[in-house]
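Trainee: The chain contents come next:
2 protein chains.
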Amino acid sequence: MIQRLAILGVGLIGGSLALSLKQHGLVGEVIGYGRSQANIDEALALGIIDKAVPTAAQAVMGADMVVLAVPLASMRLLLAEIRPYLAANAVLTDVGSAKGCWVDDVLAVWDGVFPAFAVPAHPIAGAERSGAAAALADLYVHRKVVITPHTASSLDAIARVTQMWQATGADVRQMSVAEHDETFAWTSHLPHLLSFALVDMFSQRDDVARLFDYTAGGFRDFTRIAASDPTMWRDIVQLNAPAIGEALAAYQAQLAHYQALLANQDWQGFAESFNHAKQTRDAFLPPKKS
Amino acid sequence: MIQRLAILGVGLIGGSLALSLKQHGLVGEVIGYGRSQANIDEALALGIIDKAVPTAAQAVMGADMVVLAVPLASMRLLLAEIRPYLAANAVLTDVGSAKGCWVDDVLAVWDGVFPAFAVPAHPIAGAERSGAAAALADLYVHRKVVITPHTASSLDAIARVTQMWQATGADVRQMSVAEHDETFAWTSHLPHLLSFALVDMFSQRDDVARLFDYTAGGFRDFTRIAASDPTMWRDIVQLNAPAIGEALAAYQAQLAHYQALLANQDWQGFAESFNHAKQTRDAFLPPKKS
Chain A
4 MIQRLAILGV GLIGGSLALS LKQHGLVGEV IGYGRSQANI DEALALGIID KAVPTAAQAV
64 MGADMVVLAV PLASMRLLLA EIRPYLAANA VLTDVGSAKG CWVDDVLAVW DGVFPAFAVP
124 AHPIAGAERS GAAAALADLY VHRKVVITPH TASSLDAIAR VTQMWQATGA DVRQMSVAEH
184 DETFAWTSHL PHLLSFALVD MFSQRDDVAR LFDYTAGGFR DFTRIAASDP TMWRDIVQLN
244 APAIGEALAA YQAQLAHYQA LLANQDWQGF AESFNHAKQT RDAFLPPKKS
Chain B
4 MIQRLAILGV GLIGGSLALS LKQHGLVGEV IGYGRSQANI DEALALGIID KAVPTAAQAV
64 MGADMVVLAV PLASMRLLLA EIRPYLAANA VLTDVGSAKG CWVDDVLAVW DGVFPAFAVP
124 AHPIAGAERS GAAAALADLY VHRKVVITPH TASSLDAIAR VTQMWQATGA DVRQMSVAEH
184 DETFAWTSHL PHLLSFALVD MFSQRDDVAR LFDYTAGGFR DFTRIAASDP TMWRDIVQLN
244 APAIGEALAA YQAQLAHYQA LLANQDWQGF AESFNHAKQT RDAFLPPKKS
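From first to last, the protein sequence lines stand for chains A and B.
So the number in this note's numbering is just where the residue sits in the first sequence, counting from 1, plus 3.
So the number in this note's numbering is just where the residue sits in the second sequence, counting from 1, plus 3.
Please note that the accuracy of each hint is not assured.
As the list claims (entries may be wrong) - Below, in silico cross-link-like pairs of lysine to aspartate or glutamate (DMTMM-like), each with a Cα-Cα straight-line distance of 20 Å or less:
#1 B/LYS281 to A/ASP209
#2 B/LYS281 to A/ASP232
#3 B/LYS281 to A/ASP216
#4 A/LYS281 to B/ASP210
#5 A/LYS281 to B/ASP232
#6 A/LYS147 to B/ASP216
#7 A/LYS147 to B/ASP210
#8 B/LYS147 to A/ASP224
#9 B/LYS25 to B/GLU45
#10 A/LYS281 to A/ASP269
#11 A/LYS147 to B/ASP224
#12 B/LYS147 to A/ASP216
#13 A/LYS281 to B/ASP209
#14 A/LYS281 to B/ASP216
#15 A/LYS25 to A/ASP210
#16 B/LYS147 to A/ASP210
#17 B/LYS281 to A/ASP269
#18 B/LYS54 to B/ASP67
#19 A/LYS281 to B/ASP224
#20 B/LYS54 to B/GLU32
#21 B/LYS281 to A/ASP141
Quick caveat, the hints were computed from the structure, so don't treat them as lab data.
The structure displayed is predicted, hence computed values, not measured ones.
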């Protein structure tokens with residue numbers, strides 16, 4: 004049970020967390036802070052938060068759970084702003100898509116000493132829609148939430164963050180920060196980059212309208228993630244650059260292999276690669292029954 | 004009105020064409036030929052074809068419309084087999100995803116002289132499912148069918164193929180063979196290659212199961228086409244290799260640009276690319292209303 008939950012950034016992710024905990028009766032009061040007054044007004048009107056406050060400092064005062072759900076690039080300034088006002092019993096956590104950068108932000112603000120009450124976390128949930136109006140109480144049911152505790156994170160703080168997310172119906176996992184950032188560079192960040200790259204390449208052609216006229220369902224699915232928020236993805240690339248650079252290099256090697264197959268007219272080589280891919284995908288992501 | 008339609012290869016594409024023409028009362032009799040007896044039996048049972056014959060030669064005898072709906076790699080042998088048996092009033096067309104190779108096949112079989120009754124065509128319809136059992140009478144409604152007439156194709160033959168496809172509800176377009184093969188190298192063949200490449204790269208990792216455990220909806224959409232038929236796609240790569248090689252090289256240049264942005268820590272460069280991509284995709288493929 005959380006007495007007072009502070010949500011800093013009341014968008015899809017933070018708002019859905021608040022809604023779910025309220026629905027399950029697991030939170031006393033939800034305090035919201037955000038830079039967009041219109042969004043905060045909507046969050047209040049929808050009952051996502053009980054009270055809105057004009058500063059981050061006011062939001063965290065007296066809160067036993069503080070969730071930072073702002074863009075990755077805004078974390079460090081916000082951490083510096085709230086540090087003096089955190090309650091003695093507060094647990095501090097976040098929802099960022101990259102975790103090494105958040106640990107760095109915390110270390111920078113806490114003078115190089117990671118505080119025991121801080122626990123990095125990353126709920127894996129879609130982000131095509133945004134804002135408080137998009138929040139859903141059941142967003143996290145059967146979704147994964149990855150917690151990447153620092154060696155300094157206390158067992159009590161880890162347990163409280165874990166229990167909070169489990170209460171939303173999420174499947175909570177733990178891994179190291181490095182393992183997290185490499186894993187999501189491959190499963191999420193690289194595919195986004197590749198999809199943006201393809202559509203940007205199309206956009207540079209004079210006949211882009213004609214090309215799109217001849218796209219079909221496969222192209223639509225392949226490029227759906229190229230409609231994601233460009234600012235959020237610029238931040239992710241910046242803040243997980245080393246792991247993304249390695250994943251991208253591995254992919255470039257795979258494409259160089261394909262060019263070599265083309266040059267050698269090695270069609271059997273393509274058949275082998277395509278077979279591996281199909282078998283792998285069918286095994287791990289079987290087609291949904293229609 | 005087609006008196007006698009010969010469908011060589013009664014799968015999703017050929018079967019759906021036959022079903023649609025029958026439903027609209029635009030075909031007298033449909034003769035089917037295919038190598039899989041089980042599939043042909045199913046096509047008969049489902050009323051997709053009226054009669055099955057054991058050879059391609061028998062299928063085309065007396066047919067005024069002959070549609071080759073077999074894999075690209077099987078076209079040339081089949082063309083050689085049917086050439087002596089085509090009726091004097093027959094129109095010959097195909098449904099292949101690459102068109103230069105089909106023109107080459109026809110030229111090879113017709114001793115370098117493209118026949119006036121032949122018209123290359125390509126219906127743009129999904130191919131996730133296959134076989135006669137997957138055929139749908141309305142598969143082509145509002146779908147595009149691209150006809151790429153040879154300079155030798157007669158206006159009468161072009162008109163008869165155009166009318167056949169228009170009768171299914173399709174939006175029939177014309178372009179040159181070269182324009183077709185470049186267009187679909189970009190809009191279809193390259194995305195398939197990129198999706199196969201990513202999943203094959205995953206399959207080579209020891210922790211592939213763990214990686215897939217942390218994929219989400221974006222990855223699922225991005226890799227849906229990696230579950231496509233490997234043999235069909237090997238054929239497409241082989242038979243449209245030059246155009247695919249150029250599209251792949253353009254994409255590799257785009258990824259090299261991304262690596263340069265990473266090396267130069269040029270995050271603004273990523274923001275610009277992602278913005279172009281999002282604006283382009285939103286403009287041409289707006290999100291479906293939910």
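Trainee: Output the indices of the hints that this structure fails to meet, ascending.
Mentor: The structure breaks hints 15, 17, 21; every other hint is satisfied.
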